[in-house]
Amino acid sequence: MHLPDLVNSKDRPPFLNQESAILIKSWCKTPKEVYRFVQIILNAKKAVTKNMTNQGFEAYTGLLDLENLTDEMPKWLRNYFNRIPTVDTDSSKRITNYEGYLYTAMVNNLNNYVHSALSSQE
19 MHLPDLVNSK DRPPFLNQES AILIKSWCKT PKEVYRFVQI ILNAKKAVTK NMTNQGFEAY
79 TGLLDLENLT DEMPKWLRNY FNRIPTVDTD SSKRITNYEG YLYTAMVNNL NNYVHSALSS
139 QE
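Residues 19 to 140 in the working numbering are what the sequence shown spells out, letter by letter.
What the hints contain is simulated information worked out from the structure, not anything from laboratory work.
Note that CB positions come from ideal geometry on N, CA and C, so glycine has one too.
Possibly wrong hints are sitting among the right ones.
Claimed, not checked - Below, computed lysine to aspartate or glutamate pairings styled on DMTMM-like, alpha-carbon distance capped at 25 Å:
| # | residue 1 | residue 2 |
| --- | --- | --- |
| 1 | Lys50 | Glu85 |
| 2 | Lys93 | Glu37 |
| 3 | Lys63 | Glu76 |
Said to hold, decoys possible - Have a look at the derived ranges for each label pair, beta carbon to beta carbon:
| # | residue 1 | residue 2 | range |
| --- | --- | --- | --- |
| 4 | Ile40 | Asn86 | 19 to 25 Å |
| 5 | Thr122 | Asp89 | 37 to 43 Å |
| 6 | Asp83 | Ile113 | 26 to 32 Å |
| 7 | Thr114 | Gln139 | 18 to 24 Å |
| 8 | Asn61 | Gln139 | 34 to 40 Å |
| 9 | Gln36 | Glu76 | 18 to 24 Å |
When you get a sec, could you build the whole thing from the sequences and use the hints?
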C-alpha cells in the first residue's frame, strides 16, 4: 500500500476511516512503516479477542469487528500521537519503544471499548 493510496483507497483496512488514514500517513514516512503500524493494531485486536475467548466471552468478540471501530480509531490514534511529545518532555515518562507503546495503548483502548459496550448491554 502506497502512502497516497492509504487516504483515498478502498483497499484501506476496514477499521481505518479517512481521518485515521491521514493521521497514520502524517506519522509514517514509508509504506513499510504504515504496514507495521497497521499490523500492530491488528495484533492488539487479536490479543484482546483471545483474552475474551479465554475468559468465556467468545460470544461477544463481535464487538471487536473492525468495522465497528471506525469512529473510535481516530480518537485513539490522536491520543497516541498527542501523548508522544508530552512524555518526551518528562524524562521519567519517556517512551523508549514506540511500537510497544502503540500496542499497549491499542490493547487498553480495545479492552475499555469492550467493557463499555458490555456494561451498556446490561
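Q: Please name the hints from earlier in the document that this structure breaks, with their numbers sorted from lowest to highest.
A: 5, 7, 8 and 9
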